[in-house]
Amino acid sequence: MKVYTKMPKALQPFYQEELTKAVVAFKKGHYMISWRHLERAHILAQPYPCQHTTVHWRMFLFGIKVKNWKEVMGQIPRLLVGGIKSFVGNIPVGNTGGANVPPLLPMEIAKDLAEIINNTKTK
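Going from the sequence shown to this note's numbering is simple: count from 1 and add 15.
I should point out that these hints are in silico values taken from the structure, not numbers from a laboratory. There are no misleading hints in this set.
Derived lysine-lysine pairs resembling BS3-like cross-links, with alpha carbons at most 25 Å apart:
no.	residue 1	residue 2
1	K126	K24
2	K136	K21
3	K43	K85
4	K100	K136
Construct all of the structure, not just a fragment, from the sequences and the given hints.
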């Protein structure tokens, strides 16, 4: 069993950039753009328990801020088990992490994100 604990240093700037872009877009009132950056951060963070849980927490807070109670309720189980599934390497690769998609559904990864993931795996 492959145990994941730390996000590679080479991947961290890309992950952080998505989180930052999410905050900036939200502050401008561009909620859909903000959400898309959270989804992209989720895809990058999935294999890493701390970062994965952090993105779900931010999605939970996003749901509260925009009063999307379906999202809030959908993030609760993801907060409880997402990090654990990352830790043991059992994740639905590419899943965007929101309550609008089944939590165990693998999804296609955007080409740019797939390249980032592949280029930073061993660095």
